[in-house]
Amino acid sequence: MGAQSGRSARFPLLYRLALRAFPRAFRERFGEEMLQTYSERWQETGGQHGARARLLLRAIPDLVASVATEHLESLRATRAGHSTDASHHVEGSMSSLQQDVRFALRSFASRPGFVMTVIAALALGIGANAAVFSILDAVLLDPLPVNDPGQVVAVYEAQNEATPHGGMSFANYRKLAERSRTLTGLAAFSVSDIAVDVADHPEQLSAGLVTGNYFPVLGLRAVRGRLFTTADDGAPGASPHVVLSYAYWTSAFAADPKVVGRVIRIAGNPFSVIGVAPRGFSGTELQSAPALWIPITMHRSLSLGLLSSPQALETPFLSIFSVVGRLRDGATAAQAAAELNALRGAIEQANPPSTGSGDRAPLAKPVSVLPATEGAALRDRENLLRYVRMLLGTVLLTLLLACLNVANLMLVRGRERLAELGVRLALGATRRRIMRQLFVETALLAVTGAAAGLLVGAVTMRLFSSFSLPGGIRLSQAGFELDGRVLAFTAGLAIITAIGVGLAPAMTAARTDPAVALRTGSGRGTKRRSHGLLVSGQIAISLVLLVGASLFLRSVRAGLRTDVGFDASPLTAISMEPRKVGYNKIRALQLYRDAATRARQIPGVTSVSVATHVPLARAPMLPFSVAGGKQGENAPPPRVTAGFASVTPGHFATLGVRMQQGRDFAGTDNSTAGRVVILNESAARAFFGDASPLGQRLGLFGDIEYTVIGVVHDTKYQSVRDDGVPFVFAPLEQEPDVGGVSILVRSGTPDAVLPALRTALHETDASVPLRDARLVARQMDAALMPQRFGAMLLSVFGLVALAITAIGIYGTVAYTVTQRTREIGIRSALGAPRTHIMRLVLRSTGVAVLNGALLGGLLALAATRTAAHFLYGVEPTDMVAFVASATVLLCTTLLVALQPARRAARIDPAVAMRAE
Amino acid sequence: MPTRGEHLQFLPLKTDAMLVLLVLEAKPRHGYGIVRDVARRTDGETVIQTGALYRLLKRLLKDGLIEEVIYDDADEERRRYYRTTRLGGAVLSAEVERMARLVREARNRSTHRKPRLA
Chain A
1 MGAQSGRSAR FPLLYRLALR AFPRAFRERF GEEMLQTYSE RWQETGGQHG ARARLLLRAI
61 PDLVASVATE HLESLRATRA GHSTDASHHV EGSMSSLQQD VRFALRSFAS RPGFVMTVIA
121 ALALGIGANA AVFSILDAVL LDPLPVNDPG QVVAVYEAQN EATPHGGMSF ANYRKLAERS
181 RTLTGLAAFS VSDIAVDVAD HPEQLSAGLV TGNYFPVLGL RAVRGRLFTT ADDGAPGASP
241 HVVLSYAYWT SAFAADPKVV GRVIRIAGNP FSVIGVAPRG FSGTELQSAP ALWIPITMHR
301 SLSLGLLSSP QALETPFLSI FSVVGRLRDG ATAAQAAAEL NALRGAIEQA NPPSTGSGDR
361 APLAKPVSVL PATEGAALRD RENLLRYVRM LLGTVLLTLL LACLNVANLM LVRGRERLAE
421 LGVRLALGAT RRRIMRQLFV ETALLAVTGA AAGLLVGAVT MRLFSSFSLP GGIRLSQAGF
481 ELDGRVLAFT AGLAIITAIG VGLAPAMTAA RTDPAVALRT GSGRGTKRRS HGLLVSGQIA
541 ISLVLLVGAS LFLRSVRAGL RTDVGFDASP LTAISMEPRK VGYNKIRALQ LYRDAATRAR
601 QIPGVTSVSV ATHVPLARAP MLPFSVAGGK QGENAPPPRV TAGFASVTPG HFATLGVRMQ
661 QGRDFAGTDN STAGRVVILN ESAARAFFGD ASPLGQRLGL FGDIEYTVIG VVHDTKYQSV
721 RDDGVPFVFA PLEQEPDVGG VSILVRSGTP DAVLPALRTA LHETDASVPL RDARLVARQM
781 DAALMPQRFG AMLLSVFGLV ALAITAIGIY GTVAYTVTQR TREIGIRSAL GAPRTHIMRL
841 VLRSTGVAVL NGALLGGLLA LAATRTAAHF LYGVEPTDMV AFVASATVLL CTTLLVALQP
901 ARRAARIDPA VAMRAE
Chain B
1 MPTRGEHLQF LPLKTDAMLV LLVLEAKPRH GYGIVRDVAR RTDGETVIQT GALYRLLKRL
61 LKDGLIEEVI YDDADEERRR YYRTTRLGGA VLSAEVERMA RLVREARNRS THRKPRLA
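Respectively, the protein sequence lines represent chains A and B.
Going by our numbering, the first residue of the first sequence is number 1, and it counts up by one from there.
Going by our numbering, the first residue of the second sequence is number 1, and it counts up by one from there.
In case anyone wonders, no lab produced these hints; they're calculated from the structure.
Misleading hints may appear alongside valid ones.
[To be verified] Listed next, the in silico SDA-like pairs over lysine to any residue satisfying Cα-Cα at most 20 Å (straight line):
| id | chain 1 | residue 1 | chain 2 | residue 2 |
| --- | --- | --- | --- | --- |
| 1 | B | LYS58 | A | GLY31 |
| 2 | B | LYS27 | B | GLN9 |
| 3 | A | LYS585 | A | ILE496 |
| 4 | B | LYS62 | A | VAL67 |
| 5 | A | LYS716 | A | LYS585 |
| 6 | B | LYS58 | B | ARG36 |
| 7 | B | LYS14 | A | LEU622 |
| 8 | B | LYS62 | A | PRO23 |
| 9 | B | LYS62 | A | LEU72 |
[What the hints assert, rightly or not] To list a few chain A residues with every Cβ distance to chain B over 12 Å, as calculated:
| id | residue |
| --- | --- |
| 10 | ALA18 |
| 11 | LEU19 |
| 12 | GLU33 |
| 13 | GLN36 |
| 14 | ARG41 |
| 15 | ARG58 |
| 16 | ILE60 |
| 17 | PRO61 |
| 18 | VAL64 |
| 19 | ARG111 |
| 20 | ARG279 |
| 21 | LEU400 |
Glycine included, each C-beta is placed from N, C-alpha and C at the ideal position.
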């Protein structure tokens, strides 16, 4: 894949950058060779992630150690050169910049703790920011890689108030496309998973079914062959063609230039490749990245359940199509929306919906038109925006913390050096020289921090790619990469900040009269207040991050403890999709029966069911309505969008869900008997209110009717956050026309049953692909992904923030102690008790810490409101989280502050007085 | 032939250095080749990291234990290869001799050791 090859080039590139850190002589002699050797080792990993990670993990310490040793050696060599062969090193032979750098390195070597903290703080701030901004860029800001993306719009139809941006039925799409004047073209598509078989290598891929004008509307040109045109919109089944995505072309066909004309099997039918889409184009929606596109007229050959039914493109009830269009020059999205709504109204008037179809509650403006770049993530755009805003807040706070910390340390360091600088000034160093020296030191720190930030960024991206965002956007498929511009920007910002705050004390120092500097050098600090502010700021930020982390951690815990309404722990499930390898309805049903029979024979299995939906996975939402006229006369028959699943008898017992009324399905509810359904409580209430639902009738698509035979208790269906989602269950024997099913098995030993179940299903028919073999309890974990991601990110940042703050506070207190050694000496000479001295040292920092904690608490109250949406089972003002975070923070700071304070208390008055 | 004293100053050799001399004595190799051969000879136990390798090569070059050869491989581009010098070979032999003596000593000790009481 493109991203893959990009990445393989990138790490050696990083290596090349890292080589810069070596002394010049070494680099010039060995640099190229090292790069080559490293590249070869990189290739040796053969793209295996594990091997690459190991190589990286070893290469980093190796580089650090090598750079350090070589610098030390070259320093030693120079010094040796000075003593033995002084004539070569007369003034000026070594550039003064080099001298500055050497001097800086030597001064760093004496303060490793200071150096490490500054670098770590900067690296964290820069790296994390770059990574999160890159996501933001890829997910929300990156315009679609299409021609003139500003003109491309996504068109949605409201299903009801709750779903304002739903899909459209193909019939409606067609009418709008024919009549619209504000749009130059309107294309429809639908993305599904499909079994694709290239050279006997079957796999499940995401495929886009598109109208012929899809690519022309987007203004895309093929990189090989051709893309679809309106000619592909001909008779059903007449265009067995497929267009490959660039990424799929490179991964599955090794970018074979002669791919056009090759035949691949899709859902068992032959399709010929006619072209390759341009690089970087992976559809117009973020949630899905199709590997290939197929003309929508081929829908019947694809075994996609409802979408493959002959009427799928005619019925006005299958509102599953996404629509994109291109605005005519000068037209706006608002004009297009107005026009489409008017057209929609006219269509509605011309063909009033047939009776019994269960009316759509008439919405004033059902159609909405949005710029496609916004629409790309629309299904969960609000959620996504909130989430990304929260991430951004987190990383910006971290960056701010890093800057405050660096400022604090620099300030301390600058004060400490006043005496040293005073001496140098007195000995005749120019102010410029000293300024430059300080500048070089700060710049070195900042640049090293930025370089380390590059690594932190790369590692963070790796971590991110295993998570998904709200809306099921897998970060690994969103196609984001560490953005060079973003990185440069953040690094630049941090470097400027660091140099800015680093130079401020340096300037004070350099401006000082040497005599004064010498006299006050280790005397009393004059600007303790700025310290106090910096400490308070750090404490406040740390507290916000820690509170966020604890809220998310508690959220994950609450999620894991939620009563989902069914018994997840004894369940094992495997999905199979026989329709995708050419099974028809009848054979598929027989296969399910055989599979269930075999599964029942596995030792330890107590119950087996076959269902199109397993808990906490996506389910189709269908528009049901009450049928049969038993409804009150003045109320219009309510239409309710409910989740739908087909299940075998015993499904509810397998899940451990109790029947509330009526009966479970039985073997007699088969294709010859009348259609029946079981509702969940919420559906029963939504359709029939308080009336008994048993014996009532429900309609679907205007032509299918069901009789309600039972009601089950509500459970969580698609997510643990579900609350009162209506759900309708039908017997699998009556509703087998589905893409695939899961075999659900209840047993005392779900772990042990999993391999046995796989074997049993494989024995039933080895040609049927199995997927998602899993313990249902594990699925609960996946359902909590955004919370987990938040918890992981905030915990890591929170802990690092805590560590950095602790070091900062240690530095501040230690500094106070050095500054006031003399005063402390006098006090203890006059008989002040130790506790008194400790209180003296801790007081100023303590006040700053408490102020910071207070400020942080208030900030956290405001900040956690952004996160409220993603918290589950925890209030954003959760006392436990606040108190625990504050306690951890205060205890840590107290602990680190105590050590230098104790040292102060032990100061020997005699020594202290002599020190001046 | 190097004088006796000349190569003794390099003893004892570090394991990595010894392995590299050993590999380069057999055949001239470039950087990656050395890493690969060392790993192969030690059954993957020793994998020299790139930075450490070139620091080692730098030292061995400076001490004259290895030298650079321009090696034209028909398949590959022209690149720097290294091979063990005569001095390097002598140092290697001396080190092997030294280790052999050490191993003999250790063996003697273990065979002569009396069984201890439990």
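Cross-check of the supplied hints:
1. Pair hint LYS58/B plus GLY31/A holds up; C-alpha atoms about 12 Å apart against a cutoff of 20 Å.
2. Distance restraint check for LYS27/B and GLN9/B: the Cα-Cα separation of roughly 25 Å exceeds the 20 Å cut-off, and the hinted pair is therefore not satisfied.
3. Straight-line distance between C-alpha atoms of LYS585/A and ILE496/A comes to about 67 Å, which puts the hinted pair past the 20 Å bound.
4. For the hint pairing LYS62/B with VAL67/A, the CA-to-CA distance comes to about 18 Å; that is within 20 Å, so the pair holds.
5. Of the pairs offered as hints, the one joining LYS716/A and LYS585/A is violated, with about 29 Å between alpha carbons and a cut-off of 20 Å exceeded.
6. With a C-alpha separation of about 19 Å, the suggested pair LYS58/B and ARG36/B falls inside the 20 Å cut-off, and the hint holds.
7. Distance restraint check for LYS14/B and LEU622/A: the Cα-Cα separation of roughly 73 Å exceeds the 20 Å cut-off, and the hinted pair is therefore not satisfied.
8. In summary, the hint linking LYS62/B to PRO23/A is supported, as the alpha carbons are separated by about 17 Å, within the 20 Å threshold.
9. Distance restraint check for LYS62/B and LEU72/A: the Cα-Cα separation of roughly 17 Å lies within the 20 Å cut-off, and the hinted pair is therefore satisfied.
10. Not every CB of chain B lies more than 12 Å from the CB of ALA18/A, the least distance being 9 Å, so the non-interface label is violated.
11. Some Cβ of chain B comes within 12 Å of the Cβ of LEU19/A; the nearest lies about 9 Å off, and the non-interface call is violated.
12. A Cβ of chain B approaches the Cβ of GLU33/A within 12 Å, the least distance being about 5 Å, so the stated non-interface status is violated.
13. Listed as outside the interface, GLN36/A is inconsistent with that label: its C-beta sits roughly 7 Å from the nearest C-beta of chain B, within the 12 Å cut-off.
14. A cut-off of 12 Å between C-beta atoms contradicts the statement that ARG41/A is not in contact with chain B; the least separation is 7 Å.
15. Residue-level check failed: ARG58/A sits 6 Å from the nearest beta carbon of chain B, not beyond 12 Å.
16. Taking the minimum C-beta to C-beta distance to chain B, about 10 Å, the non-interface status of ILE60/A is violated against the 12 Å cut.
17. For PRO61/A, the condition that its CB be more than 12 Å from all CB atoms of chain B is violated, with the nearest at approximately 8 Å.
18. Taking the minimum C-beta to C-beta distance to chain B, about 9 Å, the non-interface status of VAL64/A is violated against the 12 Å cut.
19. Listed as a non-interface residue, ARG111/A keeps its Cβ farther than 12 Å from every Cβ of chain B; the least gap is roughly 25 Å.
20. Remark: the non-interface label on ARG279/A is consistent with the geometry, its nearest Cβ contact in chain B lying 29 Å away (cut-off 12 Å).
21. Here LEU400/A stays apart from chain B, with its beta-carbon at least about 35 Å from theirs, past the 12 Å limit.
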